[in-house]
Amino acid sequence: MSETNILKRIVRHRMFFPLLCLVLVLLINVIVTATQAGASPATFFQITFIKETGTLAGPLITILNRSSELVILAVGMTLVVSCTKGADISVGSVMVLSGAVSIWLLGFGTLKANNYQVESYVVPYVVGLLAALIVGAACGLWHGFLVAKLKIQPMIATLILLIGGRGIAKIVADGQINKVRVPSYRWLGNTIENSQGLNPLLLPTPIFVAIGVVVVAALLLRFTALGMNIQSVGINDRSSRILGLNSVRIIFTVFVICGMCAAIAGMIATSRIASVDTQNIGKMIELDAILAVALGGNSLAGGKFSLGGSVIGAITIQTLTTVLYSLSVSPDQLPFFKAVVVIIIVIVQSPQLRPLAEKALGGLRRLFGLPPRRVKKPPIAGDDGQVLDVEPEYEETNFSSGGER
Amino acid sequence: MTDTTTTMSTIRKKSFLGSLMARFYGNNFLLIITIVLFAGMYITGSVIFSNKNFGTLNSFFDMLNSNSALIVLAAGMTMVLISGGIDISVGAQMAMYCMMFAYFIEKQHVNAYTMIVVVLITGVVFGLIQGVLVAYFDIQPFIVTLAGLFLARGLTAMISPETISIQDPNFQSLVSMKLRFPFGGYYNSVGDYQQPFVYLHVVLALLILIALYVMMTWTKFGRSIYAVGGNQQSARLMGLNVRRTKLMVYVLNGFLAAFAGFLFCLFSPAGAVEKAPAYEMYAIAAAVIGGAMFTGGVGNVLGSLFGVLVQATIIKFVNFTGTLSNGWPEFIRAAIMSFFIILQAVFTWVRKQRE
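Same order as they appear, the protein sequences are chains A and B.
Okay, so the first sequence: first residue is 74 according to the numbering used here, each after it adds one.
Okay, so the second sequence: first residue is 8 according to the numbering used here, each after it adds one.
Check the hints yourself; a few may be wrong.
The calculated BS3-like cross-link candidates involving lysine-lysine, where the alpha carbons are at most 30 Å apart (straight line), are [to be verified]:
#1 A:LYS224 <-> B:LYS359
#2 A:LYS158 <-> B:LYS359
#3 B:LYS185 <-> B:LYS59
#4 A:LYS432 <-> B:LYS227
#5 A:LYS185 <-> A:LYS252
Covered stretches of chain A (in silico footprint by chain B; criterion: 3 or more residues with CB under 8 Å from a CB of chain B, positions within the stretch not fixed) [claimed, not checked]:
#6 258-264
#7 355-367
Since the hints were derived computationally from the structure, they do not count as laboratory data.
Think of the CB as a built atom: it goes at the ideal place given N, C-alpha and C, for glycine as much as any other residue.
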């Protein structure tokens, strides 16, 4: 009895599903790695110390490193999904825009003369970083204004910057790929180098940035009322307003946080290649971020959220990407698999699934002339996992079949 | 007696004014703004670029010739928006259908006319899947069609990762079909007469547009789409089958996306993974500029034509200026779209205040 209870509690824990997905994908990864020539199952978990650069390297670290932008985006996206029942689909464009603005500022006035290369900073690096954050926050304010003040659906409101953000970034970058030639610019997206060319942190910098963002967000949500307020607005906007919450301000806050997360991710992405590629940075990363939130066990219909779940979801997606790449799937084909995963998750989450499945099953039984299945009512409703016969809330009348009630 | 007549006439006058106001504030108010905007832009362009043949009939037909697929997509999008949903998968779907044409005609040597039927059926199936997920599983249309977007792009790359151009004579004969106009041409700088013409795909696109307008305005199904988009609860109480209407909207939109894919393939006969980028966004922008409201229930299929023309004029402006970077069309599109979205929000607010 107690054993089954413990098992049930584990299975019902909200982190169970995300972790299960991660473990499954990792397992596939291990198997795929092991089948390749000259590798053992342990190869996937191997971490080696590279003396020349002073960093640790291995498949796991690469996955963590590559997933850091997505983790950062997922933090912001989780809050937006929870609070507004929609999503911010402009994060990719905001990433590019903030990166472009910061490089434009770092090479202010000298870009065109130097063939779109920043040889040395015109303004200190910190100013560029701050500018990126301000751009992200400004995008968040714009979204907040549209969603909270004008009551526009979040996905429509963010659609404007999804198209326009990249356009503005191209205008700022003058339609060119602006490069930064200062070596320290690469530190944020790759590894820090000291005077001997070694990495004092042992790991790539993005991992630390991602951990930092997650920790700050978690502390902010735990030690202030913000987390609870966001959930409250997400569950019922009107009643939380009646309760005395300033829902407008909360929606503004959520979008600003999401915009700033996108800006940080954008800085990392531009730093990785030391240039701003307006066409390819953050391309189609919106679905990845939404998928991370869904994989984390969060409902896309808003309400309660779990930050840890989203982080695990983001890492799962990167692991999935890695395994698909090692199965020689091209980057262009990748969206197909991600789309299939999204569809499966949303179908499983759908509240309509059970009644529909039962209806379909009943239809099949009728088709084969079998008697309808008898559903035994359990002595106490919902005591064990037995199926209750759920009636749909309303019976829809068919227009063509006349006045049937 | 006279008293009654005067009261009657004042009432009639009032009601006439009222109906005029209602008409103005009603479905077509946003469309009128768009038409004014388009006319203003086009006349301005004709004046500024009067030496570059901006205002000629040839130049006007050029806009149609390069946007025939978008006209169909925008009309379909308007229908989906009226039903209260959205479909952002259409651009990726179009790329997929182009790739299907290119791959199966060139590599598998399937007859071009058979392929048209196959593609249209594929479109219906794609729409059916999305429609079932939206209508019967109650999943947000945005999420479903976002997944559809990625699915279609991925499938395009799976059919063939490389660019294939279509050389098939049957298909090429369709591509080069033109409808020439006997008037309205001009003599270019060399002295050759330039006859205005539209391609076959423009004619097909306009026919589809008119058919869709007729369907939306005068058929039971069309009116039920408006009813479902306006207020689902009352549509259900009226006895409409809300779920089935929604499903049919997505099925029809899948068909239209496939048809647009066919037209786009006639416009540029090749299949490529990166074909038609961001066309779903252009279609949404066209629908919104044309007066369709995101809240559902309001819109006009013919308006989407003006939405497309406004965007085409923007592109024309940028091309004729010649010195602007490629970011400007996107930026101006977004700016116009946000203008119309904010206008819609204000419009809705005013309506609520009146009630």
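Hint by hint, here is what the structure shows:
no. : hint                  : result
1   : A:LYS224 <-> B:LYS359 : holds (13 Å)
2   : A:LYS158 <-> B:LYS359 : holds (23 Å)
3   : B:LYS185 <-> B:LYS59  : holds (24 Å)
4   : A:LYS432 <-> B:LYS227 : holds (28 Å)
5   : A:LYS185 <-> A:LYS252 : holds (11 Å)
6   : 258-264               : violated (count 0)
7   : 355-367               : holds (count 4)
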